[in-house]
Amino acid sequence: MPEQPPYEEEEFHHGPEGPPPEDLAIAPTGFGGTMDLGSSEAETLEKTPGGPEGTGPKEKPRSLWSDAWRDLRRNPVFIISGLVILFLVVISIWPGLITTQSPLKCDLSKAQQGSQPGHPFGFDGQGCDVYTRTVYGTRISISVGVLATIGVALLGSFLGGLAGFYGGMGDSILSRITDIFFAIPVVLGGLVLLSVVTSNTIWPVVGFMVLLGWPQVSRIARGSVITTKENDYVHAARALGASNSRMLLRHITPNAVAPVIVVATIALGTYISLEATLSYLGVGLKPPTVSWGIDISSASAYIRQAPHMLLWPAGALAITVLAFIMLGDAVRDALDPKLR
Amino acid sequence: MLLEVRDLQVEFRTRDGVAKAVNGVNYSVDEGQTLAVLGESGSGKSVTAQAVMGILDMPPGKITGGEILFKGKDLLKYKEEERRKVRGAEMAMIFQDALSSLNPVISVGDQLGEMFIVHRGMSRKDARAKAVELMEHVRIPGAKERVRDYPHQFSGGMRQRIMIAMALALEPSLIIADEPTTALDVTVQAQVMDLLAELQRELNMGLILITHDLGVVADVADKIAVMYAGRIVEEAPVHDIYKAPAHPYTKGLLDSIPRLDQKGQELYAIKGLPPNLMHIPPGCAFNPRCPMAQDICRSEVPPLAEVDADRGSACFFWRECLDDSSRN
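Protein sequences appear in the order of chains W and B. With our numbering, letter number 78 in the first sequence gets 78, and the count goes up by one each step, no holes. With our numbering, letter number 248 in the second sequence gets 248, and the count goes up by one each step, no holes.
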């Protein structure tokens, strides 16, 4: 299109014959037609201060982020998941706060015994305290999840952002590479790649997650940057002499980062469960590292005799993953302007 | 001459073919002068402006010929980095929709201040002070308090004032305003236009005003260039054109303005549609819609004939058109 369409067409072409799909999505009834469209339009108008300039009560300047934060503070889902995550983070940094024992101090004579005073969750197959091991497992799970997410988010948004901004050949190549990575089954890939690793640290697992996870973020970041760079304010910044890096960092990134944050938050939960999956399969973390996945794996053999050994680490894993997914949902709701 | 566009040609290469958006445009503007570029959507007026600014998306756009002389130097020969330094500092652009032209996540003070940080290397604090100064200059009430506000907290007129302030921040010698008042209320339109004209006089800038609103043009412009299908079909001092247009297209545009003395009569409209830029009709691009079209119009492209010393018309029959308009 050689010419920009006139403003009216772009903004108010909400004829009853063809309302944009977003409007249908927020319209309470499917056939609300003009009435619903009218009310949503009135809302948009209301948000633009129309009164005489400089008058009226002075409200604090609000950005997208402070708006989102205001929404989040009122959202019970956010509060609950936030508190759970806060608790998990605290005990992963200072497990000594709620347990005084060592996860590696085991007494075989107590193997598979149930709950008893001082050991509320009972003992596992090696006679280790399940409660302490579950508490210490948090550290590994959270570290792996957080590190993998940071790596994925940085690598993915860097590559995807550049590809989306510059387009052309590099973009095509990157898109094909992401397609290839999407074709790799995660668990199978983990079994193949991690089975050759002998290191006993969390880094191979984190590295594997970053390797397989970045294409997802890269695709989101690319799409988000492509939509954002078409905005008038980016053209305007360019017309006023902003350099490419300035446009990308100052004008595009802050406006394009929201979807990446949402995807990353939800992905954090899935990385935690992926770590457990890989450890369960014996290719993730290895003993003596304390991990929910390892504990679940060793407990699964005794599920009929001593189910408590399985239930506690599995429950902790489920709660953690759920908390991150709920947090991601809440963040998405707060950052998605279409839902307002 | 401050800016001289010579025989500019721009194409858009799309999947469906090549759209010739600009086909040999010539215009010029001097310091302190206002040139109004008039035309329908798709006439190439914005594309020409984007080419001058160097913000055309390439690809799909491509400048296939011509020169853009700014202060005597051909901008098309500049490297991108040199070009960028010209933008904002020596020439700036004001866009149609100020809300979407301002970054929603950065406060207006920071956006204004950015001009000084990018081009002048000022500190954040000095830039902020400059931003307040600029906001006062474009008469935003309570500038000191509002400098931290975000674009959506301003009304349309105020936002356009901020946009103007941004464009004028570094006192460029050329401003291109692409339909600066189209998105505003009629009452605000006049205020914004007055402000722009006043600042232009104050800074002695050249102004290219792109518009399809003939009412806006009459008050502020010195000369008018009317564009159709990527060419300038008529160029004239503003009063001459209103008195007696020398091109049937200009005449059609002027006749389609509602007038009080024609109350009750049907409003004139130019029949037909603007041409598809991928298939511009042979000969004069306007011929399928022209009431005066003859055989020659369908086979030959009319050159810009000199009507007067400072006036031109790209019509074989400009004399007849002029006589016809003068009679009415």
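No lab work stands behind these hints, which were simulated from the structure alone. One or more of the hints may lead you astray.
To give a feel for the contact side, a few chain B residues facing chain W, derived at Cβ under 10 angstroms [what the hints assert, rightly or not]:
hint, residue
1, Gln-9
2, Arg-84
3, Ala-92
4, Gly-272
Ideal Cβ positions, reconstructed from N, Cα and C, are used throughout, including at glycine.
Discussion item. A closest beta-carbon separation below 10 angstroms is what the hint needs, so does Gly-272/B meet it against chain W?
Written reply: This hint is violated: Gly-272/B lies away from chain W, its Cβ roughly 18 angstroms from the closest one there, beyond 10 angstroms.
Fill in: Status of the hint placing Gln-9/B at chain W (closest C-beta pair under 10 angstroms)
violated (13 angstroms)
Fill in: Interface hint status, Arg-84/B versus chain W (Cβ within 10 angstroms)
At 6 angstroms from the nearest chain W Cβ, Arg-84/B passes the 10 angstroms test, so the hint holds.
Item to complete: Mind checking the CB of Ala-92/B against every CB in chain W and telling me if the closest is under 10 angstroms?
Response: With Cβ-Cβ at 6 angstroms, under 10 angstroms, it holds.
Of the numbered hints given earlier, the model fails hints 1, 4; all others are met.
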